[in-house]
Structures are given as structure tokens and as C-alpha cells.
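Asks: The lines below spell out each chain.
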Amino acid sequence: MATAANKSNPVLDWIKNHMPEKPPKEEKVSRKEKRERFKKRLATLTPAEQKYLRRKQIIDAVWPIVRGLLVFGLCFVIIYPLLYMITTAFRPRSEMNDPTIIWISHHLTTSNIKDAIKTMDFWNTLGNTLFINIGCSILQVITCALTGYGFGRFNFKGKSIFFFVVILMILMPSQIILIPQYMFFRYFNPLWVYHAITGNYINLINSPLTMYLPALTANGIRAGLFIFLFRQAFRGLPKELEDAAYLDGCSPLKTFVSIMVPNAGSTFLTVFLLSVVWYWNDYYVSTSFFTNNSTIALQLKNLDASLTRIIFNNGNIKINARELIVWMEAGCLISITPILIMYIFLQKYFTEGIARSGLTGM
Amino acid sequence: MRLNLSYEKKKGLYGYGFIALWFVGALIFFIVPVIKSFYYSFNDVTPDVGQLIIKWVGIANFKRAFMTDPDFRKNLTSVLGQTAWQTPIIIIFSLFVAIIINQKFRGRTFARAVFFLPVIIATGPVYAIITGDLSTSGTADADQFSSMFSADMVDELLEFVGIYGFNDKLTEVLSTMTSDILNLVWKCGIQIIVFLSALQGIPTSAKEAAAIEGATGWEFFWKITLPYVSPMILVNLVYTIIDTFTDPTNVVMEQVLQIQDDWKYGLSAAMAWSYFAIVLVVVGIVFAIMNKVVYYDN
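Chains A and B, in that order, give the protein sequences.
The letter at position 3 of the first sequence is residue 3 when you use my numbering, and the numbering goes up by one with no holes.
The letter at position 120 of the second sequence is residue 1120 when you use my numbering, and the numbering goes up by one with no holes.
Take the hints with a grain of salt, since some may be wrong.
Claimed, not checked - DSBU-like mimics (lysine-lysine), calculated; alpha carbons at most 35 angstroms apart, straight line: (1) B:Lys-1074 x A:Lys-301; (2) B:Lys-1104 x A:Lys-32; (3) A:Lys-40 x B:Lys-1074; (4) A:Lys-32 x B:Lys-1207; (5) B:Lys-1207 x B:Lys-1074; (6) B:Lys-1264 x B:Lys-1074; (7) A:Lys-39 x A:Lys-56; (8) B:Lys-1055 x A:Lys-56; (9) A:Lys-39 x A:Lys-28; (10) B:Lys-1207 x A:Lys-51; (11) A:Lys-239 x B:Lys-1264; (12) B:Lys-1104 x A:Lys-159; (13) A:Lys-56 x A:Lys-301; (14) A:Lys-254 x B:Lys-1009; (15) B:Lys-1223 x A:Lys-34; (16) A:Lys-16 x A:Lys-39; (17) B:Lys-1104 x A:Lys-28; (18) A:Lys-39 x B:Lys-1074; (19) B:Lys-1011 x A:Lys-254; (20) B:Lys-1104 x A:Lys-34; (21) B:Lys-1292 x B:Lys-1104; (22) A:Lys-348 x B:Lys-1104; (23) B:Lys-1055 x A:Lys-39; (24) B:Lys-1063 x B:Lys-1074; (25) A:Lys-348 x A:Lys-301; (26) B:Lys-1010 x A:Lys-239; (27) B:Lys-1264 x B:Lys-1104; (28) A:Lys-301 x B:Lys-1011; (29) B:Lys-1074 x B:Lys-1104; (30) A:Lys-34 x A:Lys-51.
In case anyone wonders, no lab produced these hints; they're calculated from the structure.
Nothing here was measured: the structure is a model prediction, and the numbers come from that model.
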């Protein structure tokens, strides 16, 4: 039996022979010795320098602990509601009234989640949301990039006035323009002649076009900010890149596609991700254009009412506010899960992208 | 006939080409609606089949918003007050956090991800539900944070040091601030990232010079960090103010939406416009003041 272990394994031998040699161990210095050396060094310094060094030593020792506590505490404040969401989403509603339960319940149940999925018509809504979300974000990235490139790289008459409009788009609260936009979509009149020819209007309310048309023309949700980000990003690229392309006979559009876009890749990704997140979370704009809760955010906003209608039998089942929490938190949990998964994998593009993509170059 | 244009002029024309699509959209979805809504604010607007019936009423809507409406002025002052005391705290807090997570330590990437997490979640209805639920359920209240520094504890601490009967003002201020800590931390995501990138932009030469001169961390903050990040303080100030004002969950925005749902378009437009005018004035004042203080390293 022992022979198997003693036998030399050719593979292991090969690895052993080809391993880089271990670096020689550093001379081990005892703490006492270190202190002695430090004292010796101190003696050679002026009193002011000594004071500085002593102070630095103390701060270097204490600060990491303070910092660790601070970071932990603040992270906890942010994660706390999420932890609460997870524990309550799987809690039977009767246990909400039990004062002995704060975090961990005696029994776990998935019925809240199931109810929430049923109430929100989750899978259909998810499909619909993704359809609006991804499509609009892609369109918006492309059109905002084109516009940002125009602002960042070309000089033309009236540019500052046009750009002022972009700034206004960022500043203006969206409720100012919602009613005229609603009328535009409610009585949609393609090319302004449709009504004259047919005598009818097209009702676009509840159609995804209410989201797609603005996105198609770089006027979707927070488009002003995205145009601004792209402008800053393109402005930061060296001029030589562009000139070289022109000399080689590239048209501006081709220069844009083949030279500028690859160089602004991280901005594209960041804008796309932020756009997805903001479309996902939007209920302020979409509540005006959709009367049938067809996105996740709208479903969640009205979860209260739909729970009463569907699960609580039109209010025949009496639920108190504390018990209602388990369903609400379950709804929240399933609503943020898709976006959270995306965030976990692409986290660094959110943070690094914003840092790099010139919000800071104002 | 071929147009003979200089290279620069041709380029300029292409510039128009690049922004053309956006401009058409902006005309339809932004500029015309803005003008229309401005016009509505001076009119009585009632919806009818296929159109809006518009009757000129002058400034009656504005009068009604400010004089008759019981809530509008109250909501307005509450939002203004909230912005006034939250903005400085958000700025200081996010600068502080940015400085901390700019240092090298284990788990830094994780901390960054966590601090940005609110941006992903808090812009939607989720945040309203979370905070609402936390305060409904007594067992795991948002006040738990404040209980860590609650009035009692501050009092006990002071008594321990030998100061008695200090219960009133200070502890009150402390406990309101701490009970809002959740609220504040959840609003700082973007600001922290912006400060972080500004901190990474501090030139090494400045850091080395400070180290050679033997600057303490405190001196380094006031003489190196602060001047270099001051342009970003301006950016963050403007961003925070706009973000607080245009947050769909604030009381003014909610009221405007509510009135829109009641089909009183003229009144809601008047409210929205006066609100926007106030936002512009505030941003303008902040910009004018800060522009004098900001240090630009050119």
C-alpha cells in the first residue's frame, strides 16, 4: 500500500524541477530589535522630525482600525434594508406580529414570493419591461453618442444655443412637459398629415412606441445627461486621431464609427448600463403613458392595490400594515433581482465608467 | 454645381448632421412641449375629445397656486428647507467617504460596489417601499440606527463626563441627524464616485511635495485635497440640488402629479413652472458663489 506514495510521480517531479526557486527569506527581525533600530534612527533626527515621525507612527497604527469600523458601519447602513428585505420576503405573515422575531423567522415560506409573482404577472411584465428597457437603451446609446459627438467635435454656428437646450433637458423637471407629451401620444398624428387625410388620430397610449420614439431621437429618460457624458468623453480624445482619419479619406461618419467609438468604449457601456437602470426604475414618466401596469416599476408602485384585488379577495381578507410588509418586500425582492444580478457582474463598469467618462470634466 | 467649402466649414456642416436627429426629437418631445406647457400655465385647460379647451386666464393659476392652494407653499418651503440642510451634509459626507475608500485597504472594491448600490436601487419605487416598511415594523425600525446614538446615550455620555441637564437642543439635533442617516447614505452614490475620480486626479507631484514638507494628514486635506477637488464640489453641489429638486418622491413633485391626475392642467403647469424657476434661481446662486471659491489647476 505504501509503495504508491513512495513511487516518484513523473509529473510532480517535473513540476518540482521547473518551479522557480523560492526567494531567500528576509532576515527576521524581532519586534524589540525593530524598536531599537527605530530609536537609533530617531536619535539622528531633529526634535521636529522626531515629533512628526512619532505622530505618524501612532496614526498609522490607529487609523486602519477606525477606518475599518467606519467602512463596515456605513456599508451596513446600506445593506441593512436589503437584508431586511430578504428575511421578510420569506417570512410567514403571522410571524410579523411576533415581537420575538427581528431577523430570523421560525419558518420559511416561499408563498409570499409566489403571491407577488402572481400579482405582478411577473414573467409577462418582465418580458415587457426588458423589451422596452433593452431596446430603448440601445437606441438611446446610439443616438446620444451621435449627438454628443456632434457637440464635442464640431464647430458650427449656434452650437452654444443648441447645447443650452441640452442643459435645459438636464435641469427641467420632467413633469413640466408631461401633459403636452401625453397629448402628442394620445392624439398621434404621423407626419402631421395623417389627421387631414383620414380624419382620425392614432392612440399610442399603452404602446411601447411612447418609450421608443423619444429614445430613437435621443430624447428618452435622462438623455440630456447622456449627451453631456458623451460630449465630454469625445472631447477628451486627441484631435490627431480624427485628423489622421480624415487625411486617409474617411468621412466623418466613418471616422466616428471606426475611430471614435472604439476609443470611447467604456463610456458606451456606462451609458448603456445607467440607461437600463433608469428605464428599469422609471415610473414617473411611464405612469403617464401606460394605464395597464406593464412594467416592473409600475407593477411595484401599484402592488398595494393589486394585492388587495387579487390576493386579499378585494379586501375580504383583512391584512394589517405589518403583515402587508411580507408581500411588499417579496415584490421588491423579485423586482430588483434582475438588475442586481446585472450589477454584481458589471459593477466596475458603473463606477469606473462614471469616474472616467467625463462627468468630472465639466 | 459643386460647392467649394473650406475643410472647417464642411466639418461644421457635418456637425449639424450629427445633431440633426436629436434636434428633431428635441423639437417634438422637448421644445414644443416646454413652450406649450408655459402657455398652459396662463390658461384654464380642460381636456376634451381630441383636443384641449384653452381659455386665457392670465396669472390666475399662479395666484391660485401660491395664495389659495393650502399645500403648495407649505410643500415648497419643506422641499427648499430639506435641500438646504441636506445638500451640505451630503457633500461633506460623500467627500469623507471618497477619501476613505480612495485609500488602499482590503475589501476596497467591495466597499465601492456597496456605496454605489443605492444608485441602482433607490431611483425606483423600491426605496419608498423599503423606508415605509422599515418604519411600519416596530421591531426593525430605521430608528435603530439612531438608537445607537440616541438622545439617552448622548445624555448618559455627557453625564458620565460630568455635564448634567444637557438634554434639550443638542441631543435633539443629534438624533434628527442620526435618524436620517439611512436617508443620507442612500443619496450619495454618484457624488462619492465623482469625488473619487477627482481624488485620483490629484497630481503625484503635489502629493510628493506635501510628503517632503512633512504635512500631516489634516494639513494635507486642507491645503492639497480640498483645492484640487473644489471643482468637483461645485459639480456635486449642482447635481445634488437638481437631484433633490427633481426627485419624483418629493412632496412638490407628488403634488404636481396629483393635480395632473385631476385634469387641472393649467394649475399643474403653473406650479411646475414656478417650481422650476425657483430651482434655476437656487442653482444660479450656488454657481455664482462657488465659482469664486473654486480652484482651477491649469
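Asks: For each hint, tell me whether it holds in the structure or not.
Replies: Here is how each hint holds up against the structure:
no.	hint	verdict
1	B:Lys-1074 x A:Lys-301	holds, 25 angstroms
2	B:Lys-1104 x A:Lys-32	holds, 28 angstroms
3	A:Lys-40 x B:Lys-1074	violated, 69 angstroms
4	A:Lys-32 x B:Lys-1207	holds, 32 angstroms
5	B:Lys-1207 x B:Lys-1074	violated, 49 angstroms
6	B:Lys-1264 x B:Lys-1074	holds, 20 angstroms
7	A:Lys-39 x A:Lys-56	holds, 15 angstroms
8	B:Lys-1055 x A:Lys-56	violated, 74 angstroms
9	A:Lys-39 x A:Lys-28	holds, 18 angstroms
10	B:Lys-1207 x A:Lys-51	holds, 21 angstroms
11	A:Lys-239 x B:Lys-1264	violated, 52 angstroms
12	B:Lys-1104 x A:Lys-159	violated, 43 angstroms
13	A:Lys-56 x A:Lys-301	violated, 53 angstroms
14	A:Lys-254 x B:Lys-1009	holds, 18 angstroms
15	B:Lys-1223 x A:Lys-34	holds, 34 angstroms
16	A:Lys-16 x A:Lys-39	violated, 44 angstroms
17	B:Lys-1104 x A:Lys-28	holds, 26 angstroms
18	A:Lys-39 x B:Lys-1074	violated, 66 angstroms
19	B:Lys-1011 x A:Lys-254	holds, 13 angstroms
20	B:Lys-1104 x A:Lys-34	holds, 24 angstroms
21	B:Lys-1292 x B:Lys-1104	holds, 33 angstroms
22	A:Lys-348 x B:Lys-1104	holds, 17 angstroms
23	B:Lys-1055 x A:Lys-39	violated, 88 angstroms
24	B:Lys-1063 x B:Lys-1074	holds, 15 angstroms
25	A:Lys-348 x A:Lys-301	holds, 29 angstroms
26	B:Lys-1010 x A:Lys-239	holds, 17 angstroms
27	B:Lys-1264 x B:Lys-1104	violated, 56 angstroms
28	A:Lys-301 x B:Lys-1011	violated, 48 angstroms
29	B:Lys-1074 x B:Lys-1104	violated, 47 angstroms
30	A:Lys-34 x A:Lys-51	holds, 19 angstroms
In this structure, the earlier hints numbered 3, 5, 8, 11, 12, 13, 16, 18, 23, 27, 28 and 29 are contradicted, and the remaining ones agree with it.
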